[in-house]
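Put together the whole structure using the sequences plus the hints.
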Amino acid sequence: MCDWEAFVRAQFRLPGLAPEREARIVRELAAQLEDFYREAIATGASEADADAHACRQIHDWERMAQDVWLADRRHARPTFERTIEPRLERLTSGQQALPHPSRGGLLVVANILRDTRYAIRQLTQTPGFTVVAILALALGIGASSAIFSVVNGVLLRPLAYPNPSDLVRVHEILQKFGRFSVAPATFLDWRQQNTVFERIGALNSTGATLVGAAGAERIAGGLVSWDMFDLLQVAPALGRTFRAEEDVPGKDGVIILSHGTWQRRFAGDRNILGQSVTLSGTPVTVIGVMPAGFPFMSDAEFWRPLALPANPTRGGHFLAVIARLKPGVTVQQAGAEMKTISERLAVQYPDASANESAEVIGLQDSVVAGIRPALLTLLSAVGVVILIACANVANLLLVRASVRGKEIAIRAALGAGRRRLILQMLSESIVLALAGGSVGLLLAYLVIRPIQTLSAGSIPRSNDISIDSSVLLFALLVSLATGILFGLAPAWQASRSTIGSVLKEGGRSSTASSGRWVRNSLLVAEVAMSIVLLVGAALLLRSFARLTSVDPGFRPEHVLAFRVALPNTAYPQDHHRIAFFNKLLEGLDALPEVTSAGTTQTLPMRGDYILSFTIQGQPAPKPNEGPSANYRVASPNYFQTLSIPLLRGRAFTDRDGEKSPMVAVVDQKFVERHFPDRDPIGQGIDIGNGTDGFYEIVGVVGSIRLNDLETSPAPTMYVPFTQDSFSSAWVVSRTNGDPAALWTSIRQAVQAIDRSLPAFAMTPLADVVSDSLAQRRFSMLLLGLFAFIALFLAAVGLYGVVAYTVSQRTQEIGLRMAIGAQRGDVLRLVVGGGMKLAIAGVAIGIACALALAHLVATMLYEVTPFDPASYSATALVLLAVAALACYVPARRAMRVDPIVALRQE
Amino acid sequence: MFSSELKKGSTEMLVLSLLESQPRHGYEIGKLIESRSGGRLTFALPSLYPTLLRLENRGWIKGRWVEKAGQRERCFYRLTPEGRRVLAKQQDNWKAYVAAVNEVMGTNGV
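Chains as they are written, first to last, in our numbering: chain A, 1 to 905; chain B, 1 to 110.
Keep in mind that the hints were calculated from the coordinates and are not lab data.
One or more hints might be untrue.
Cβ-Cβ distance ranges computed for the label pairs, FRET-style [unchecked claim]:
{"hint": "1", "chain 1": "A", "residue 1": "GLU47", "chain 2": "B", "residue 2": "TRP65", "range": "23 to 29 angstroms"}
{"hint": "2", "chain 1": "B", "residue 1": "ARG85", "chain 2": "A", "residue 2": "ALA52", "range": "41 to 47 angstroms"}
{"hint": "3", "chain 1": "B", "residue 1": "VAL104", "chain 2": "A", "residue 2": "ARG419", "range": "47 to 53 angstroms"}
{"hint": "4", "chain 1": "B", "residue 1": "VAL66", "chain 2": "A", "residue 2": "TRP517", "range": "42 to 48 angstroms"}
{"hint": "5", "chain 1": "A", "residue 1": "SER521", "chain 2": "B", "residue 2": "LYS7", "range": "31 to 37 angstroms"}
{"hint": "6", "chain 1": "B", "residue 1": "ARG72", "chain 2": "A", "residue 2": "SER521", "range": "54 to 60 angstroms"}
For lysine to any residue, the following SDA-like pairs were computed, each having C-alpha atoms within a straight-line distance of at most 20 angstroms [said to hold, decoys possible]:
{"hint": "7", "chain 1": "A", "residue 1": "LYS622", "chain 2": "A", "residue 2": "ASP351"}
{"hint": "8", "chain 1": "B", "residue 1": "LYS31", "chain 2": "A", "residue 2": "ASN163"}
{"hint": "9", "chain 1": "B", "residue 1": "LYS7", "chain 2": "A", "residue 2": "ILE58"}
{"hint": "10", "chain 1": "B", "residue 1": "LYS68", "chain 2": "A", "residue 2": "ARG24"}
{"hint": "11", "chain 1": "B", "residue 1": "LYS62", "chain 2": "A", "residue 2": "ASN163"}
{"hint": "12", "chain 1": "A", "residue 1": "LYS339", "chain 2": "A", "residue 2": "SER366"}
{"hint": "13", "chain 1": "B", "residue 1": "LYS62", "chain 2": "A", "residue 2": "PHE760"}
{"hint": "14", "chain 1": "B", "residue 1": "LYS8", "chain 2": "A", "residue 2": "GLN66"}
{"hint": "15", "chain 1": "A", "residue 1": "LYS669", "chain 2": "A", "residue 2": "PHE760"}
{"hint": "16", "chain 1": "A", "residue 1": "LYS339", "chain 2": "A", "residue 2": "GLN175"}
{"hint": "17", "chain 1": "B", "residue 1": "LYS7", "chain 2": "A", "residue 2": "ASP67"}
{"hint": "18", "chain 1": "B", "residue 1": "LYS31", "chain 2": "A", "residue 2": "LYS836"}
{"hint": "19", "chain 1": "B", "residue 1": "LYS31", "chain 2": "A", "residue 2": "PRO567"}
{"hint": "20", "chain 1": "B", "residue 1": "LYS8", "chain 2": "B", "residue 2": "CYS75"}
{"hint": "21", "chain 1": "B", "residue 1": "LYS31", "chain 2": "A", "residue 2": "ILE41"}
{"hint": "22", "chain 1": "B", "residue 1": "LYS31", "chain 2": "A", "residue 2": "ILE58"}
{"hint": "23", "chain 1": "B", "residue 1": "LYS8", "chain 2": "B", "residue 2": "ASP92"}
{"hint": "24", "chain 1": "B", "residue 1": "LYS8", "chain 2": "A", "residue 2": "ASP67"}
{"hint": "25", "chain 1": "B", "residue 1": "LYS68", "chain 2": "A", "residue 2": "LYS836"}
{"hint": "26", "chain 1": "A", "residue 1": "LYS326", "chain 2": "A", "residue 2": "ASP67"}
{"hint": "27", "chain 1": "B", "residue 1": "LYS68", "chain 2": "A", "residue 2": "ASP351"}
{"hint": "28", "chain 1": "B", "residue 1": "LYS62", "chain 2": "A", "residue 2": "PRO715"}
{"hint": "29", "chain 1": "A", "residue 1": "LYS583", "chain 2": "A", "residue 2": "PHE760"}
{"hint": "30", "chain 1": "A", "residue 1": "LYS669", "chain 2": "A", "residue 2": "LYS622"}
{"hint": "31", "chain 1": "B", "residue 1": "LYS31", "chain 2": "A", "residue 2": "ARG56"}
{"hint": "32", "chain 1": "B", "residue 1": "LYS7", "chain 2": "B", "residue 2": "LYS62"}
{"hint": "33", "chain 1": "B", "residue 1": "LYS31", "chain 2": "A", "residue 2": "ALA52"}
{"hint": "34", "chain 1": "B", "residue 1": "LYS31", "chain 2": "A", "residue 2": "PRO715"}
{"hint": "35", "chain 1": "B", "residue 1": "LYS62", "chain 2": "A", "residue 2": "VAL26"}
{"hint": "36", "chain 1": "B", "residue 1": "LYS8", "chain 2": "A", "residue 2": "ILE58"}
{"hint": "37", "chain 1": "B", "residue 1": "LYS68", "chain 2": "A", "residue 2": "ALA30"}
{"hint": "38", "chain 1": "A", "residue 1": "LYS836", "chain 2": "A", "residue 2": "LEU876"}
{"hint": "39", "chain 1": "B", "residue 1": "LYS31", "chain 2": "A", "residue 2": "THR43"}
All figures in this text were calculated on a predicted structure; none of them were measured in a lab.
The C-beta atom is built at its ideal place from N, Cα and C for all residues, glycine as well.
Set out below in structure tokens:
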């Protein structure tokens, strides 16, 4: 061997000795070993034999290190104390005026720095332990930071307007439907009569066709009260906002562009102001451009004045109303006044507004209220993941602490007080936690993009999700808290070790039994918490499976849906629009790949369109108290295209034209609700759709789900699209193959009729159905991921504890085998020990899950929170994983050679 | 040959004695104990070396790196004045102890 010093250094660590002292000892031992080597060479030994001879001189390096340390304790002081502390001392004593506390402060800082250095040195000496611990923490902290960044972006961060807390949403409360959109006449009365709002404005989403270089295109926009931008306190980047006199029909030929649209479609041309653009065939003048990042109606590419007519409707509810509170007015006060005003209006206009009221909620609340429970559930779930990671690392630290018992005892013998020892151990766990936190943040950074993609469409404000300073602060605080949490048990235990007992036991822990108790409890807790998460995930998974197997009442597969919006300028009359859609449906039917095509005004899964009606022969109900039902217009082949079954009578035909007798088709639910005991065919209904007279019911079709998969079908009535024409409608086409392949031919079919018309919002109907599950998919996938992490951590924890037990019981196992125990007995002994803990954890976990189950009840669908299948499957999965985690160390135990094991004593 | 209990009590004195006449390095000390005792006393490196450190820390011996002609650099230990006093005292004690033990066992002069 040529480099004995390197050899000694590789064998030998003297943590806590000053580096130069350590160097000297290494050098001297190396020199002596070399003497032994040369001696052997001199007596004629081969080089290999000489190496072996020298190496034999010290067979127990660990013991050697301890003996050296004990002998050299005078030097057992970290460099820091000897070099930095005296300097601090000098520094502080040189400045007599310095008050005492800050000198103490400096020493505290010095202590912390020293402990940190020591901790880092300790951790780098056991890389396996350190990597496992950091990974466990990184999983916990990373998951929680990722979810916190979602919670922060969506729930916590204020909306990006000045004084966002003054912004509120005002709803009408309808007796039958609860929170509802606002009728224009009601909005105007609110604006006139309220004393609590600085400004109040209304908006409605709209769309327009823009003919540009690339052909006709449909763009989304907003119709807003003239002072909406002043209300939001956002100034335009270019030009001006609307004026009051422009918020009037006929004078509203002005438009404000979004920043993105200005850049994309007008190349950021600063001379755009005053120019005319043609929207849906109508020329309008550009008066302003909003700033980049303006979050209002984030899909909107343009805004135009709402321009309500002089005598607007009180019965049609379609406006969203936003207001800004006057200074000093609370949301509750505003709510009280709006309620009073609305109730007065209800009395004043009993025909249209009977029993109506109003409600005021914070704008941010109104945006995120729907997602809050799901996000808070996920946040609690990651909290549990962190606790599991903590328990895991605490266990690893405890195992390590008992292995290090002797070192700790020596430190205590060298005069380290109990407080000192606790601080030392704690600083080690905090260093670990901070390292875990850093890796965790990296993980969070990596998963934030996938989370954003997953949440787009299912979560409001998903654009606001990012890792910002609050997320960093959160990660730091969580890391510190976890560091203290998982460091406390080992620190407390270590500080209780007494020198004598540790040294007497030949290096094994004095606190073996109490240590085992703590370790086992932590493990049981870990398993129990994993069970809680797994049960939650299993319940969501089963709900999701139930939902995806729900029959929506129609067959969305192989159907492509798209929208067409006819501008009033080119299609002013009903017969123009009917002619267009008849021609379009004919054109689509003529396509070889289309088997059938139909049209309606509102696509299934896209929400309600509810109208009131009266049944012929029944007394007229009081205003707002009559029956109402979902309302759809449909073309003859609509039912066939969506495979909605015809149960009785007939569907619409081409003969049901504009001037033919008015006919209607109702669904099964409608019959059950309104004609429970008589034949609906031939009955008349008067639908509040603006037409006069009764529609004769000619057929009954199957019920379909209109809002989403979880809401049961509601009574629905259909009338021919020729008898109530819409300018904007959905068209559905069924094909035998991939619906997306229809894209081009459909586009051409539309353009063949009117070159200026875009076919937009083209989507396979199956995607529309699956999008309605997006929010559930988001919660389920994330909770599932967390449960998986929890399971993994619990398995690692179980493995660690069992493996440690095996290593501690090697001699006992050897003895048992020597007196005749078979391998099977050893297997039972080891696996049995671990499984007892796992079973205890599962039992406690199931009990906790049962107690907590009601928390997820609102997120479930047709699965009770106490679903036995979910619970038993979860328990089985965990026990199987636990058995595997115990089996691996048990195999090692079975291979113990009794002779070797006994010789260790 | 002798039990480690018996050896433990005398290691320090043996080391100090060997350093009385001249400075020596660690390997030499181990070898001298072995050869002078005719192989009956051996001290392995793991017990001898911590003893050297302990004696040095008590200020009884002092190690210094010296490079002698034709040899590698080694740490030579020499007795300090304090060490010399301690050794004299230990030798007296030891002689008195051996004498007393012999008296008790009735083996004096054998």
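(message) For a C-alpha distance cap of 20 angstroms, please report whether B/LYS31 and A/ALA52 respect it.
(response) 19 angstroms, holds
(message) Can you confirm whether the C-alpha distance between B/LYS31 and A/ILE58 stays at or below 20 angstroms?
(response) OK: B/LYS31 and A/ILE58 at ~16 angstroms, within 20 angstroms.
(message) Between the alpha carbons of B/LYS8 and A/ASP67, is the straight-line distance 20 angstroms or under?
(response) Roughly 14 angstroms separates the two Cα atoms, so the pair holds.
(request) Take a quick look at whether B/LYS62 and A/PHE760 sit within 20 angstroms of each other, Cα to Cα. (result) Violated, at roughly 93 angstroms.
(message) Just to be careful, I want the Cα atoms of B/LYS62 and A/ASN163 compared with a cutoff of 20 angstroms; is the pair within it?
(response) 77 angstroms, violated
(message) Hinted pair, alpha-carbon criterion (20 angstroms max): B/LYS8, B/ASP92. Please report holds or violated.
(response) 18 angstroms, holds
(request) Could you say whether the range 47 to 53 angstroms given as a hint is met by the Cβ separation of B/VAL104 and A/ARG419? (result) Between B/VAL104 and A/ARG419, where Cβ atoms are some 51 angstroms apart, the hint holds.
(message) Next pair to validate is B/LYS7 with A/ILE58; report whether the Cα-Cα distance is within 20 angstroms.
(response) 19 angstroms, holds
(request) Given the hint that A/LYS339 pairs with A/GLN175, test it: the Cα-Cα distance must not exceed 20 angstroms. (result) 13 angstroms, holds
(request) Sort out whether A/ASN163 lies within 20 angstroms of B/LYS31, counting only the CA atoms. (result) 87 angstroms, violated
(message) Hinted pair, alpha-carbon criterion (20 angstroms max): A/LYS583, A/PHE760. Please report holds or violated.
(response) Judged against 20 angstroms, a Cα distance of about 18 angstroms means the pair holds.
(message) Next pair to validate is A/LYS669 with A/PHE760; report whether the Cα-Cα distance is within 20 angstroms.
(response) 32 angstroms, violated
Hint compliance for this structure: hints 4, 5, 8, 11, 13, 15, 18, 19, 20, 25, 26, 27, 28, 30, 32, 34 are not met, and every other hint is.
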